[in-house]
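**Q** Each chain, letter by letter, is given below.
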Amino acid sequence: MSELKTVTRSEIRTDAWGKVTGETQFVDDLSLENPLHGVVVRSPHHHARIAGIDTEAARRLDGVVAVLTADDVPGTKTFGAMIPDRPVLAFDVVRHKGEPVTLVVAESKLAAGRALKAVEVEYEELPPLFDPFEALRPDAARLHADGNLVTEYDLGRGDVEAGLAQSDVVLEETFHVPRVSPAYLEPEVAAASWRKDGTLSVWASSQQPFHDRDAICAVLNLPEEQVHVRVGAIGGAFGGKSDAGLPILAALAAWAVKGTVKLVNTREESIQAHPKRHPAVLRYKMGASRDGNIIALNAEVHMDTGAYASFGPAIGAVLSEVAPGPYRTPNVRVRTKVVYSNGPFGGAMRGFGAPQALFAVESMMDMMAAELGMDPIEFRRKNLWRQGERTPLGVLLSTAPSLVSCLERAAQERERLRQAASSPGKSSGVGVAAGIQPMGAGYGVPDDSTSRVEWLPDGRVRLDVGAPDMGQGTVSVAAQMAAEALGIDFESVEAAGLDTSVSPDGGMTAASRMTYMLGNAVGKAASRVIEALLDEAAQALSLPREELSYWGGRVYRGSDDAEGIAVAEFTSRAAEEGRVMSGEATFSFPYPPEIVPAGLPAGLPHVLFCYSAHVARVEVDSELGTIDVKEIVAIHDVGRAINPVGVEGQIEGGVTMGLGYAVQEEVKLKDDGAWTDSFTEYLLPTTLDTPRITPIILEYSEPSGPHGATGVGESGVGPVAPAIANAVADATGVRVTSLPIRPEVLVGD
Amino acid sequence: MQRITVTLTINGERRQVETAANQTLLYLLRDDLGLTGTKDGCREGECGACTVLLDGEPVNSCLVLAGQADGREVLTVEGLAHNGQLHAVQRAFVEAGAVQCGFCTPGVIMAAVALLSRDPKPSEHQVREALVGNLCRCTGYNKILDAVRLAAEEMRDE
Numbered sequence: 001m002s003e004l005k006t007v008t009r010s011e012i013r014t015d016a017w018g019k020v021t022g023e024t025q026f027v028d029d030l031s032l033e034n035p036l037h038g039v040v041v042r043s044p045h046h047h048a049r050i051a052g053i054d055t056e057a058a059r060r061l062d063g064v065v066a067v068l069t070a071d072d073v074p075g076t077k078t079f080g081a082m083i084p085d086r087p088v089l090a091f092d093v094v095r096h097k098g099e100p101v102t103l104v105v106a107e108s109k110l111a112a113g114r115a116l117k118a119v120e121v122e123y124e125e126l127p128p129l130f131d132p133f134e135a136l137r138p139d140a141a142r143l144h145a146d147g148n149l150v151t152e153y154d155l156g157r158g159d160v161e162a163g164l165a166q167s168d169v170v171l172e173e174t175f176h177v178p179r180v181s182p183a184y185l186e187p188e189v190a191a192a193s194w195r196k197d198g199t200l201s202v203w204a205s206s207q208q209p210f211h212d213r214d215a216i217c218a219v220l221n222l223p224e225e226q227v228h229v230r231v232g233a234i235g236g237a238f239g240g241k242s243d244a245g246l247p248i249l250a251a252l253a254a255w256a257v258k259g260t261v262k263l264v265n266t267r268e269e270s271i272q273a274h275p276k277r278h279p280a281v282l283r284y285k286m287g288a289s290r291d292g293n294i295i296a297l298n299a300e301v302h303m304d305t306g307a308y309a310s311f312g313p314a315i316g317a318v319l320s321e322v323a324p325g326p327y328r329t330p331n332v333r334v335r336t337k338v339v340y341s342n343g344p345f346g347g348a349m350r351g352f353g354a355p356q357a358l359f360a361v362e363s364m365m366d367m368m369a370a371e372l373g374m375d376p377i378e379f380r381r382k383n384l385w386r387q388g389e390r391t392p393l394g395v396l397l398s399t400a401p402s403l404v405s406c407l408e409r410a411a412q413e414r415e416r417l418r419q420a421a422s423s424p425g426k427s428s429g430v431g432v433a434a435g436i437q438p439m440g441a442g443y444g445v446p447d448d449s450t451s452r453v454e455w456l457p458d459g460r461v462r463l464d465v466g467a468p469d470m471g472q473g474t475v476s477v478a479a480q481m482a483a484e485a486l487g488i489d490f491e492s493v494e495a496a497g498l499d500t501s502v503s504p505d506g507g508m509t510a511a512s513r514m515t516y517m518l519g520n521a522v523g524k525a526a527s528r529v530i531e532a533l534l535d536e537a538a539q540a541l542s543l544p545r546e547e548l549s550y551w552g553g554r555v556y557r558g559s560d561d562a563e564g565i566a567v568a569e570f571t572s573r574a575a576e577e578g579r580v581m582s583g584e585a586t587f588s589f590p591y592p593p594e595i596v597p598a599g600l601p602a603g604l605p606h607v608l609f610c611y612s613a614h615v616a617r618v619e620v621d622s623e624l625g626t627i628d629v630k631e632i633v634a635i636h637d638v639g640r641a642i643n644p645v646g647v648e649g650q651i652e653g654g655v656t657m658g659l660g661y662a663v664q665e666e667v668k669l670k671d672d673g674a675w676t677d678s679f680t681e682y683l684l685p686t687t688l689d690t691p692r693i694t695p696i697i698l699e700y701s702e703p704s705g706p707h708g709a710t711g712v713g714e715s716g717v718g719p720v721a722p723a724i725a726n727a728v729a730d731a732t733g734v735r736v737t738s739l740p741i742r743p744e745v746l747v748g749d
Numbered sequence: 001m002q003r004i005t006v007t008l009t010i011n012g013e014r015r016q017v018e019t020a021a022n023q024t025l026l027y028l029l030r031d032d033l034g035l036t037g038t039k040d041g042c043r044e045g046e047c048g049a050c051t052v053l054l055d056g057e058p059v060n061s062c063l064v065l066a067g068q069a070d071g072r073e074v075l076t077v078e079g080l081a082h083n084g085q086l087h088a089v090q091r092a093f094v095e096a097g098a099v100q101c102g103f104c105t106p107g108v109i110m111a112a113v114a115l116l117s118r119d120p121k122p123s124e125h126q127v128r129e130a131l132v133g134n135l136c137r138c139t140g141y142n143k144i145l146d147a148v149r150l151a152a153e154e155m156r157d158e
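Protein sequences, first through last, are from chains P and B.
Residue 1 is where the first sequence starts when you use this note's numbering, and the numbers rise one by one after that.
Residue 1 is where the second sequence starts when you use this note's numbering, and the numbers rise one by one after that.
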C-alpha cells in the first residue's frame, strides 16, 4: 500500500476557524425572517390526569398567535424512537414532570412568557411510580396500555445454576447506577418555516435528521417531499439529540401558524424533558474456580426508562450484551427488564447501556480477584475472550480481541501510578477496568450509510456524508478519508451541508459507527467518482477508456504518461456543459453469517467492539470521604487513528463524562418533589475536578475497517467509573456499589 | 415593558441601543445587535458559555443587565481577530485541537484572553482556576489547557 497522505495526520478540522471566531451558526444563531417564538407549557406533576385545558385567556393576550394542544395535531398524536408511546402534546394523562402539554406561539419572547402563565390546565394528580420494582408489581398503576414492562431480555448460554453450584467461590452484589444528563452545552433547539409552496423547512440540532423528517411527516400527515430537515452546527449531543421531540414541536407550530417558529429549551427543560442515561439496578452473582476461571454469571437488571421508551429497548439489549464483560464465562444468564416509571425518560446517551453494565461487571471482577487472592489484571487476562471462541451471545471471534494488549499496557501504567507519592493525610489507590463498546445498530436493524462525492469545476471535490457532525469532527475525518481515497489534499475536499431533501442518508450519528461506516462508504463513492471522471476524460480525449488511469488529481494516458492531465481540465469542461460528475455508494454494517448466531432479538448481537482498559489513581480523605481523582490513563484500541488529535479528544471527553458519572452527576428526585434541573445542582466536571487524562492509542487493524479503523466515540466513558471504584477499594478497602460515589460511604470510622 | 437606551463600546465601536429595561447583556448582544458568537447555555451563570469581557474583566453576560453595561466597554469573541488575523488564543485553540462542538469555545476563549492579559505566564493550576467557570462537555479540558499554554508562549514571543 502506498504511503498515506492525510489519514493518520492530525489535520485541523474544517469547522475550527468558524468556531473560534463566533461565525459558526448554531440553530439559535440563524437569522430567520420574522421568527415567532414557541414555548412549551409543561406538566408540573409527575403523574396526573388532564381534566381540562383552557387556552382562551392565553389566546386573547397581545402578541399571542396560537396556543396548540394535542387536538391540533393532524396526524399521529404519538411518536417514539422505537415505540410510538410518547404524545407530541399530552392528552388524557401526563406521565412525567416537564412533559409538553400545550405549545404557545407568540410574536415576542415576552408575549410567549405571559401566555405560558395564562394557559389553564386542570389536573387530577395520580400517585407517581419511581421504582422499577414497584412499577412491576401486579397491583401497580398501569402507566401505558400494555403495562409497565416495556421489554425484557433473557440471554445467555450454558446452565447458570449448575455453574454456580460447581464454583468454588460465589459472590453476589447489587449495583445502582444513576440517571444522568448528556448536558451538552447547547440546549435543544429547533426552528421551522412554512413556505408558500407548501413545504416545511426545519432546522434542528439533531443527530438524526432523516428520522426527524419521518417523524414530522407522520405527525403532520405530510409526504416526505414536503419536509426538509437541515442540520448546521450542533453544540454537543452525546446521544441526547437522537430525539425528535423538539423538531416535531417546531414543525407543528410552523405548520399551524403558516409561519416561522423557533423553540429553544432552557437548561431546566433540557434536563427535565430530554433523554437521559437510564438508571438501573444490577444484581450480579458470579462463580469462579479456585484457580481463577469464571464458571458462571447470573445478572438480573432493572432498567428504568422513565415515562417513555425512547431507545430503552435497544439500550437494554446492549446493556445485556455487555453485562458479562469480555470474559469467556461458559454459563451466563442475563435477564434485563426495561420498565416504565414516572421519571424523566431515558434514552440514548454515550455508551448506550455499556457504562451501566461495565460498572457492575468490572467491579465484580476486582471483588472476585480479591476473593481468590489474584491480581485483578491477571484474573481478567485469564478469562478474556479469545480468537476462535464464541462470546456469551454466540458471536464467533474471528480476530483476536486486543484486550490482552490493552491490559498489558494497563499493568505497566498501574506500576507507574503506584509509584506516585500520595498527598499527606490521604490514602491513595490505583484501580483498573477493562471496556468493551459495541459498534453499530446491531444485527437485524438496518444500519447503512450512503455517501456522495462530486467533482467541483475547479478539480476539488464536494463530500456529502448525510450524517450530522455533533461536534466530534466526524465530517472532517470523512473528508480525510475521501482525500486519501482520491490521492488529493485534505484541503481539496469541501464538506457539504446537510439537508434531507438533497443529502444522501448517512444514517444516525450514533453507536460509535461514523468513522467505520463513513470511511467505507466514502471509499466506495470515491472509486465511483473516479470512474465517472475517466468516462468524461475518455470522451474529451477521444481515447479508449481502458487506456486511462487516475491518481492524485490527475488523469494519465497509457502506462508511460509521466505527467498526466490535471483533473480540472475535465471537471471545468463538464461543468461548463452542465454535467455533474458524482459517485454515490452505500455501505451496510457487515454481519458475516458464519460468525453471527441465529435466534437473538433484533439489535443483537454486535460483532465489532471497541476495546479499552483504564487505570485510575485516586486519593481519599478518610475524614471527609472526598475523592480526588489524580490521574486517569485511558488505553484504547481504535484500529487506526485517522486523526490522532481527534481520537485523543474523543477519549479525553469520554473519560471526563465517565468521571462525572463516577463521582458527581445525578438527576435525582429532591425532597421538594422536583428533579434536579439546573447546573447549580447538576455538577459537571470542571477544570478543577478533571485531572490530566492520558490517552494511549493502540492500533490493531480491523480488516473490515477503513484503513483498519473501528470507533472511539463512546468507549471512553464506560471503564472510568469501575476503574475509580476499584481504586477507591484499593485505597480504603471500601467496596462502592452505587454511583455517583458519595463521600458519606467513605468516611472512616 | 419599560425601554431604556444603553450607550456602550462593543468591540471598539461605540453603540447606542434601545432595549427592554430587563434585557440582559447576553441578549442585548445576541438579539439587539446580532452578535451571536456569545452563547446561551444556562442563563444562570453556571456554564460560562456567555462569557464576555466587561472593561477587561470576564463576566457571565447572562447575569449582567444591559443597563449595567452603560458607558462601559464590552469585548466579545467577534472582536478578537484583527484585519483577518486571529488572536493568539483563537489560533492556539485551532492548532491544539481544543475545539469540538464549539459551543463553549467563545466563552472559554474570552476567559483565557482575560487571564493572559493579566498574567502572561500562568501555571497550569492558575489556568484551571481561571477557567473553572467555563464548562466544556466535549474535550475533558486537556486540549483547552494545552491551547492556553500555547497561546501564552506565542504571546510572549510576539
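The set of hints was computed from the structure by calculation and includes no laboratory data.
Mixed in with the good hints, there may be bad ones.
What the hints assert, rightly or not - Below 16 Å or equal to it, Euclidean Cα-Cα: the simulated EDC-like pairs (lysine to aspartate or glutamate) are:
| no. | chain 1 | residue 1 | chain 2 | residue 2 |
| --- | --- | --- | --- | --- |
| 1 | P | Lys109 | B | Asp31 |
| 2 | P | Lys77 | P | Glu300 |
| 3 | P | Lys630 | B | Glu124 |
Said to hold, decoys possible - To be clear about the criterion: a stretch of chain P counts as covered by chain B if any three or more of its residues have a C-beta under 8 Å from a C-beta of chain B, and this derived list gives those stretches:
| no. | segment |
| --- | --- |
| 4 | 126 to 137 |
| 5 | 183 to 189 |
| 6 | 587 to 597 |
| 7 | 730 to 736 |
Ideal Cβ positions, reconstructed from N, Cα and C, are used throughout, including at glycine.
**Q** Is lysine 109 (chain P) within 16 Å of aspartate 31 (chain B), Cα to Cα?
**A** 11 Å, holds
**Q** Given the hinted pair lysine 77 (chain P) and glutamate 300 (chain P), is their Cα-Cα distance within 16 Å?
**A** 35 Å, violated
**Q** Establish whether the coverage given for the segment 730 to 736 of chain P by chain B is satisfied; the threshold is a Cβ-Cβ distance below 8 Å, and no fewer than three residues must meet it.
**A** Since three or more residues must qualify, the claim that chain B covers the segment 730 to 736 of chain P is violated, with 0 doing so at under 8 Å.
**Q** Has the segment 587 to 597 of chain P got at least three residues whose CB is nearer than 8 Å to a CB belonging to chain B?
**A** Violated - the segment 587 to 597 of chain P has 0 residues with a Cβ nearer than 8 Å to chain B, which falls short of three.
**Q** Within the assertion that chain B covers the segment 183 to 189 of chain P, do at least three residues meet a Cβ-to-Cβ distance smaller than 8 Å?
**A** holds (count 5)
**Q** Can you confirm whether the C-alpha distance between lysine 630 (chain P) and glutamate 124 (chain B) stays at or below 16 Å?
**A** 15 Å, holds
**Q** Has the segment 126 to 137 of chain P got at least three residues whose CB is nearer than 8 Å to a CB belonging to chain B?
**A** violated (count 0)
Checked against the numbered hints given earlier, this structure breaks hints 2, 4, 6 and 7; the rest are met.
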